[in-house]
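Trainee: Listed below, chain by chain, are the residues.
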Amino acid sequence: MTDNVDIIPHQDAIIRLENVSKRFGDLIVLDDVSMSFERGRTTAIIGPSGTGKSVLLKHLVGLLQPDSGHVWIGDVDMAVANEKLKYATRRRFGMLFQDGALFDSMSAGDNVAFPLLHHTTMSAEERRAKAEEKLALVELKGLYDRPTPALSGGQRKRVGLARAIIMEPEIVLFDEPNSGLDPLTSDTIDELIGKMKAALGITFIVITHDIVSAEAIADRVGMLWKGKLVAYQETSKFVHSTDPVVKRFLERNLGHRW
Amino acid sequence: MNTLLTLGQFGIFAGRVVRSSFTHKLPVARTIEEAYRIGVRSLPILLVISFFVGTNLALQGYVAFRPMGAQQMLGMFVGLAGVRELAPIMVAAMVSAKAGTEMASQIAVMRIREQIDALEVMAVDPYVYLVTPRFLGIVLVLPALTIISIATLIGSAWLVTVYQLGEPGGPFLALVWNTTSGTDLMVAGIKGGLFGSFICAVSCFCGFTSPPGPAGVGRATNAAVVISAVCCAILNYFVSEVAYG
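Protein chains in written order, with this note's numbering: chain V, 996 to 1253; chain B, 39 to 283.
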């Protein structure tokens, strides 16, 4: 643990990682990572490509198992939980995947309503109404029947976001929400995340390599470097970090300010 | 070593499918959808192939039996070869090439586009959502397709026998009828169900374990059709051995 990694009290943490390590063959992807995510706040994890950000995210929802360590979601350790408990715990999450991970055979609205079909007894009309409400929240009102392949990159992300929040989860994960988007659309996504945070009070965890976006949306920023958590601080403190790795990353990405 | 590892992975995959299928509500609507997709969409091509396999069977049988003056045995030949062996394996090969490749490629694309991960995060079991309906659909439909194929094959062989080769149709049908029994149809149906379960399990497994990227989807699809066809051919021998050996 370095001076750049702040400790979050247990009572404020909704997710805790304890000494999580993961390797794929000879490649160490996560190396003894310990950190907590605060309830109701937005945390961004940044770092260059290939430093284990997405792998970290997949550990949170049990899509990957750590080689060692614990991933606590409340009092459930996803590292050792059985499938039934994992599925039950996953219902506390929503997740926006990099490309939206939408089903092309369905309309935009049916994608959004998909979790309702599987986890509620709502009628088709009720599901549609709720999905339309969430689509309006992500500024895609009236696009319920639009075929998914006809959506633009930004629209796919927003539909994915509407789907992620439709079950009103406690925690929403974002895997590179701005990747592949132009700067203006990126800003729109950031604004949406900010708007939803204010409206819904959800815990957001955002994986990104875009420090501008992280600064705009996050209360706290962590940085992964070669599988290690090298910094984890309040955003205002993080952007003025003196850690050489963080500084180099910031200079590269926020160069115009330096 | 790699083969053993893959077999182990396949065992785990099959175990998960079976366990998930028994611990979740059966997806009836999606099973019907899949049965329709596999059955009805495969039917036209199956009818065409069965028809022409029947015509060739009659022609080749005639060529083989005529020098011995035994062309009247054509019905027996068509009955034995067509009903017992050709129709089931032909349906399996066709369904493997059409529905099996579709299953493997669809699931592989879902894997690389993170849609299977998305299902898991949405707490929807991907084995139940993606595999169970396909499995039940194919197992329900393949026996029926096999019987339809048999009927088409015999019908087209009869047409060639009567209208092209000028042999009497009545004795032909009588020999088909006398040579084959209800047991033969039942064995053909069982073969269809078994082949269907293998095609589905292998194709879905190849899709789930697809290597990344478009090349990975291609490899998964290719592996699905090759392994399914080989498995069905081997299985065909053993079922025939048990039933008729």
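If you're looking for bench data, these hints aren't it; they were derived computationally from the structure.
Hints may be right or wrong, so weigh each one.
[Unchecked claim] No farther apart than 20 Å at their CA atoms in a straight line, the calculated lysine to any residue pairs in the SDA-like style are these: (1) B:K63 / V:A1083; (2) V:K1079 / B:T61; (3) B:K63 / V:M1117; (4) V:K1079 / B:T41; (5) V:K1079 / B:F276.
[Said to hold, decoys possible] Some but not every residue of chain V turned toward chain B, in silico, with C-beta under 10 Å: (6) G1064; (7) A1096; (8) M1117; (9) S1118; (10) A1119.
[As the list claims (entries may be wrong)] Pair by pair, the computed Cβ-Cβ distance ranges are: (11) B:A67 / V:E1229: 48 to 58 Å; (12) V:S1044 / B:L43: 25 to 35 Å; (13) V:L1080 / B:F60: 38 to 48 Å; (14) V:D1027 / B:Q47: 21 to 31 Å; (15) B:S278 / V:S1044: 28 to 38 Å; (16) V:A1145 / B:P252: 20 to 30 Å; (17) B:L43 / V:D1021: 32 to 42 Å; (18) B:V86 / V:H1065: 36 to 46 Å.
Virtual Cβ for every residue (Gly too), placed ideally from N, Cα, C.
Trainee: Against the earlier hints, flag every one the structure doesn't satisfy and list their numbers going up.
Mentor: 4, 5, 6, 8, 9, 10, 13, 15, 17 and 18
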